[in-house]
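A.B. asks: Sequence:
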Amino acid sequence: MTTRLPRSADVEGTAAPARADMASPPAAPVAGTEAAAGDQAGARSDRRGPMRPAELVSTRTRQEAASLQRMLRAVEIGIIVAAALGASKAFHPAGLLSAPVGAVLPLVVGVLCLIWGLRVARAASIGRVEHLSSALGRVASALVASGLAAGILLAVLEPSPDVVLFTCIWFAISAATVITAQVLWWRRVKAWHAAGRLTPNVVVVGATQNARTLVERAKVSGQVAVLGIFDDRLDRAPPDIAGVPVLGDTEALLTHRIMPYVDRVVIAVPPHAQGRVRQLIERLRVLPNEIYLFLDFEGEAAQSAALSRLAETPMARLSGAGQDESRLFAKRMQDLVVASLALIPLLPVMALIAVAVKLDSRGPVFFRQRRHGLNNEAIVVWKFRSMRHEAADPTAARQVARDDKRVTRVGRILRKSSLDELPQIFNVLKGEMSIVGPRPHAIGMRTGDVESEKLVAEYAWRHRMKPGMTGWAAVCGSRGPIHTAEDVRRRVELDVEYIERQSVWFDLYIIVMTLPCLLGDSEAIR
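So the sequence shown is residues 565 to 1090, counted in the numbering used here.
In short, the hints are calculated from the structure, not lab data. A few of these clues could be false.
What the hints assert, rightly or not - Between beta-carbon pairs, the in silico distance windows are:
{"id": "1", "residue 1": "Val1014", "residue 2": "Glu619", "range": "32 to 38 Å"}
{"id": "2", "residue 1": "Leu905", "residue 2": "Ala646", "range": "22 to 28 Å"}
{"id": "3", "residue 1": "Met635", "residue 2": "Ser925", "range": "41 to 47 Å"}
{"id": "4", "residue 1": "Glu1061", "residue 2": "Ala740", "range": "45 to 51 Å"}
{"id": "5", "residue 1": "Ser724", "residue 2": "Met897", "range": "40 to 46 Å"}
{"id": "6", "residue 1": "Ala759", "residue 2": "Phe1070", "range": "32 to 38 Å"}
{"id": "7", "residue 1": "Arg952", "residue 2": "Pro614", "range": "49 to 55 Å"}
What the hints assert, rightly or not - Mimicking DSS-like on lysine-lysine, the simulated pairs with C-alpha atoms at most 25 Å apart in a straight line are:
{"id": "8", "residue 1": "Lys922", "residue 2": "Lys947"}
{"id": "9", "residue 1": "Lys947", "residue 2": "Lys969"}
{"id": "10", "residue 1": "Lys980", "residue 2": "Lys969"}
{"id": "11", "residue 1": "Lys980", "residue 2": "Lys947"}
{"id": "12", "residue 1": "Lys980", "residue 2": "Lys1018"}
{"id": "13", "residue 1": "Lys994", "residue 2": "Lys754"}
{"id": "14", "residue 1": "Lys922", "residue 2": "Lys980"}
{"id": "15", "residue 1": "Lys922", "residue 2": "Lys969"}
{"id": "16", "residue 1": "Lys783", "residue 2": "Lys754"}
Think of the CB as a built atom: it goes at the ideal place given N, C-alpha and C, for glycine as much as any other residue.
With the sequences and hints as input, model every part of the structure.
C.D. replies: Here it is, written out as structure tokens:
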């Protein structure tokens, strides 16, 4: 079976989290067997397996596909209801409230049955790829059930020609719409599966018989894509398991370049090796990726059920409150609505800022910086340039200090008011960021002489959710540069707290509180 491991925010450790921009580091040239092991690990790291797609796509991209699924369901429901209202209006111009119950009830029951049937039949599913006839068969069963329910009520309550006619019109419009939408959606889902945009990506820790069972079942079902296998005992591990390459040890896994594209890490060591399992959990828990324990199997049915649970668990499941599809969809819709409404009044403001930046100093209007996104994905974040162009610091090796000479005159105003962050609204619309979330840090950002991510073992936990234009940490006073290890620890604690508490209402509260918090803090360095 598959067991989800608990995530807690109070675990101490020292291992460095994964880096989205780093490949597996080559082994240092040392003597004897260590050099041979290093060469072996380096040779393993670039091999591909039979389930790795031609182009790796991020977890964020798969979340967007899930949101599109929800949108399709909403559109279908809207068309079904609109068709019912239109058909009834043609025969009852005064409205449904003035129509007799016998004329309205069959239509209402038919609509509800069709909506319920499509949900039960898992129409617009993005799960496993199936034949078109199977997908349409499930949809047809929902249509037949709703049609029978409406027909029985018509025969019992009011079998008049007019009522029968407008019910048939509604049913014909709804059936044609639903079937057309399902055919188009099936074609799109098939293409997305072929491109690896929907199949969850996993890596396996432990070159064991359990790993072989998982790989062989995954190859047959196509429900998950096993990209690689990692094992600390490389001297005993084969070069591949059922064609899936062994890419290195757990140290290589922590910094491997495929990790931003991995949804889940599966520990597949024998269940009786409890000490080894505990060591692996402590070693890997610094990753933002979800971690699972894949235990022993008993029979074909149990194997299939375990693989299905691994494939169908909602993407980016986080500590505390689960990040299921409904929550992801609600947050994405909130981002689109808020960003779209805010963009209208902000466009003139952004145009004036662009002119001021251009007139104040030489260089481009915008500053682009690679930062960590969801699951350690590297994204390019946009800002208005607030520093002299020749003093640009894309890796934030030296964070901004009070009266920093690199900041321009206009830049000081922009940073003080956080107006330099406004272009990130386009990152939100693109889906790389959210309105609310942990603030994105530059890849390679340093606190003093040390990379910030190395100061707190749980640093990468803040990447379990899309970064935001504002966030709980900013509202609580942790904003701007982080100059000490305690600053980093405080920022991470607040970000993890937000991720575990996230909801639509909590996000709205943070949005409302952002402006007074920024304007009321004249001491913060930004």
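A.B. asks: With reference to the structure, classify each hint as holding or not holding.
C.D. replies: Evaluated hints:
For Val1014 and Glu619, the Cβ-Cβ distance of about 35 Å falls inside the hinted range of 32 to 38 Å, so the restraint holds. For Leu905 paired with Ala646, a C-beta distance near 25 Å keeps the hint of 22 to 28 Å intact. Checked against the hint of 41 to 47 Å, the pair Met635 and Ser925 passes, with Cβ atoms roughly 43 Å apart. A hinted range of 45 to 51 Å for the beta carbons of Glu1061 and Ala740 is consistent with their spacing of about 49 Å.
Against the hinted window of 40 to 46 Å, the Cβ-Cβ separation of Ser724 and Met897 comes to about 42 Å, which satisfies the hint. Separated by about 35 Å at the C-beta atoms, Ala759 and Phe1070 satisfy the suggested range of 32 to 38 Å. Taking the beta carbon of each, Arg952 and Pro614 are about 51 Å apart, inside 49 to 55 Å as hinted. Distance restraint check for Lys922 and Lys947: the Cα-Cα separation of roughly 14 Å lies within the 25 Å cut-off, and the hinted pair is therefore satisfied.
With a C-alpha separation of about 19 Å, the suggested pairing of Lys947 with Lys969 holds against the 25 Å cut-off. Taking the CA atoms of Lys980 and Lys969, the gap is near 15 Å; set against the 25 Å cutoff, the hint holds. Using a Cα cut-off of 25 Å, the hinted pair Lys980 and Lys947 holds, with the two alpha carbons roughly 14 Å apart. Note on Lys980 and Lys1018: the hinted pairing is violated, with a Cα-Cα distance of about 28 Å set against a maximum of 25 Å.
With a C-alpha separation of about 23 Å, the suggested pairing of Lys994 with Lys754 holds against the 25 Å cut-off. Only pairs whose Cα atoms come within 25 Å are accepted, and Lys922 paired with Lys980 is accepted, the gap being roughly 19 Å. For the hint pairing Lys922 with Lys969, the CA-to-CA distance comes to about 18 Å; that is within 25 Å, so the pair holds. Of the supplied pair hints, the one linking Lys783 and Lys754 holds, its CA atoms being roughly 17 Å apart against a limit of 25 Å.
Of the numbered hints stated above, the single one contradicted by the structure is hint 12.
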